[in-house]
Amino acid sequence: MKRSVIALVAGFLVLASSIMTYAQETPAAEVAATEATEATEATTEVAKPVQLSLEKAIEDALKNSSAVEIADLELETKTVELSQAKRSESRYSDRDSATYMYLSGTVEGFQLDKKVSSTAATYALEEEKIKREKSIEDIKYNATRAYYGVMSAKGALDAATDNLDNTKRSLEIVSKKYELGVVSKSDLIIAQLSLDEAVSTMENAQNAYQNAVMGLNLVMSYPLQTELVLTSPYSMATFSANVEEDIKAAFEKRLDVKSAQHGAQLAQLDFEANKIVYTPNTYVYRVKELALKKAQKALDSMKLSVEFGIRGKYNDISTNLRNIDLKKAKLEKAKEQLRLTELSYDAGYKTILDVRQARNILYYAQIDYDGEIAAYSLSVLDYNKAVSIGD
Numbered sequence: 068m069k070r071s072v073i074a075l076v077a078g079f080l081v082l083a084s085s086i087m088t089y090a091q092e093t094p095a096a097e098v099a100a101t102e103a104t105e106a107t108e109a110t111t112e113v114a115k116p117v118q119l120s121l122e123k124a125i126e127d128a129l130k131n132s133s134a135v136e137i138a139d140l141e142l143e144t145k146t147v148e149l150s151q152a153k154r155s156e157s158r159y160s161d162r163d164s165a166t167y168m169y170l171s172g173t174v175e176g177f178q179l180d181k182k183v184s185s186t187a188a189t190y191a192l193e194e195e196k197i198k199r200e201k202s203i204e205d206i207k208y209n210a211t212r213a214y215y216g217v218m219s220a221k222g223a224l225d226a227a228t229d230n231l232d233n234t235k236r237s238l239e240i241v242s243k244k245y246e247l248g249v250v251s252k253s254d255l256i257i258a259q260l261s262l263d264e265a266v267s268t269m270e271n272a273q274n275a276y277q278n279a280v281m282g283l284n285l286v287m288s289y290p291l292q293t294e295l296v297l298t299s300p301y302s303m304a305t306f307s308a309n310v311e312e313d314i315k316a317a318f319e320k321r322l323d324v325k326s327a328q329h330g331a332q333l334a335q336l337d338f339e340a341n342k343i344v345y346t347p348n349t350y351v352y353r354v355k356e357l358a359l360k361k362a363q364k365a366l367d368s369m370k371l372s373v374e375f376g377i378r379g380k381y382n383d384i385s386t387n388l389r390n391i392d393l394k395k396a397k398l399e400k401a402k403e404q405l406r407l408t409e410l411s412y413d414a415g416y417k418t419i420l421d422v423r424q425a426r427n428i429l430y431y432a433q434i435d436y437d438g439e440i441a442a443y444s445l446s447v448l449d450y451n452k453a454v455s456i457g458d
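Terminal number for the sequence shown in the working numbering: 458, no gaps in between.
Rather than coming from a laboratory, the hints here were simulated on the basis of the structure.
Even glycine gets a Cβ: it sits at the ideal position worked out from N, Cα and C.
Heads up, simulated DSS-like pairs for lysine-lysine below, C-alpha to C-alpha not over 27 Å straight-line:
{"#": "1", "residue 1": "Lys-221", "residue 2": "Lys-452"}
{"#": "2", "residue 1": "Lys-452", "residue 2": "Lys-207"}
{"#": "3", "residue 1": "Lys-315", "residue 2": "Lys-196"}
{"#": "4", "residue 1": "Lys-325", "residue 2": "Lys-196"}
{"#": "5", "residue 1": "Lys-207", "residue 2": "Lys-115"}
{"#": "6", "residue 1": "Lys-153", "residue 2": "Lys-181"}
{"#": "7", "residue 1": "Lys-196", "residue 2": "Lys-320"}
{"#": "8", "residue 1": "Lys-182", "residue 2": "Lys-361"}
{"#": "9", "residue 1": "Lys-123", "residue 2": "Lys-452"}
{"#": "10", "residue 1": "Lys-342", "residue 2": "Lys-364"}
Label-pair ranges, simulated between beta-carbon atoms:
{"#": "11", "residue 1": "Asp-205", "residue 2": "Val-296", "range": "24 to 32 Å"}
{"#": "12", "residue 1": "Asn-274", "residue 2": "Lys-360", "range": "51 to 59 Å"}
{"#": "13", "residue 1": "Ser-299", "residue 2": "Asn-271", "range": "22 to 30 Å"}
{"#": "14", "residue 1": "Ser-155", "residue 2": "Glu-194", "range": "14 to 22 Å"}
{"#": "15", "residue 1": "Arg-406", "residue 2": "Ser-133", "range": "52 to 60 Å"}
{"#": "16", "residue 1": "Gly-415", "residue 2": "Asp-232", "range": "23 to 31 Å"}
{"#": "17", "residue 1": "Asn-271", "residue 2": "Leu-371", "range": "38 to 46 Å"}
{"#": "18", "residue 1": "Asn-348", "residue 2": "Arg-154", "range": "37 to 45 Å"}
{"#": "19", "residue 1": "Ser-120", "residue 2": "Arg-158", "range": "49 to 57 Å"}
{"#": "20", "residue 1": "Gln-363", "residue 2": "Leu-129", "range": "34 to 42 Å"}
{"#": "21", "residue 1": "Glu-339", "residue 2": "Tyr-301", "range": "55 to 63 Å"}
{"#": "22", "residue 1": "Leu-129", "residue 2": "Asn-271", "range": "28 to 36 Å"}
{"#": "23", "residue 1": "Tyr-301", "residue 2": "Glu-193", "range": "36 to 44 Å"}
Starting from the given sequences, assemble the full structure and let the hints guide the process.
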């Protein structure tokens with residue numbers, strides 16, 4: 068029995084020793100390797116770019132925004148207020164005949180009889196519905212504009228990268244010529260300076276691109292450092308419009324016009340209510356009359372302002388279209404000019420300064436062309452927004 072116990076203890080000690088040895092030698096390395104692998108995988112997962120179409124950007128911006136939810140709450144509030152106004156007016160018609168006759172010739176009686184309170188509440192509810200639609204359209208507009216902003220910044224970054232590549236290639240050529248004694252050291256210095264400028268331009272374009280990406284992430288409520296890969300094509304937006312019809316549609320749709328219309332209508336009711344009590348030579352009558360005239364003038368002024376804005380934005384689109392053709396021709400000319408200048412430099416007829424100037428002209432021509440396309444697309448977006456929801 069004693070031998071059995073001793074043997075059992077000895078076996079346990081050997082097993083414990085093996086476990087301790089394994090724990091001291093192998094697991095530390097394996098655990099470290101496992102943790103490193105998991106950390107790498109986690110980092111890779113976080114850094115994975117998000118493939119994003121314009122439609123997806125708008126969808127996520129709407130889904131993650133609280134503006135629509137707040138608008139729904141405001142809509143519910145206005146609905147309750149309308150119900151309350153209708154109940155108050157119904158009590159007026161249920162009053163006894165003596166009270167009804169007493170109030171019928173008063174300002175209060177007129178307002179109750181004409182349902183001024185429920186009319187105002189109805190207008191408020193109607194405006195709240197428009198506000199809700201405006202919130203939705205504003206989100207769509209902001210998401211689209213931010214998406215275009217990233218596309219434009221990416222185009223500028225690509226142009227800066229191409230410029231940098233061309234500058235590096237030029238420096239390599241000049242360096243070889245300098246080694247052969249074909250060009251002076253001043254040419255080499257100028258080529259090096261051009262490279263430094265190209266690097267700085269590319270870094271600035273990179274920062275502008277990152278800021279644009281953060282702006283789009285902010286609109287969609289993404290983490291600001293989320294890397295995005297835009298999948299929608301960078302093409303000119305299609306545009307077709309009937310300005311006269313669009314102006315009429317804006318008068319029916321836009322909140323600012325609708326609010327001015329309601330203000331004029333309520334001022335008319337208020338004037339009519341006071342007119343039955345006060346004569347034209349009284350202070351109250353004049354105040355109400357002037358309030359009505361101001362409300363009517365405000366409506367006319369609002370409509371004129373809306374028409375001016377829509378016509379102006381339509382003209383902007385026409386200007387952008389003409390500029391696109393001009394900028395495209397300028398870009399093609401700049402490409403050809405750089406090619407000829409480099410050939411002339413190789414043949415000894417042009418200086419490195421000529422090449423540098425031609426390259427800068429091409430870079431800015433590319434930026435101008437891309438910028439004009441972006442400006443056109445944004446002008447179309449601004450025009451549609453002016454017709455549907457306003458500025």
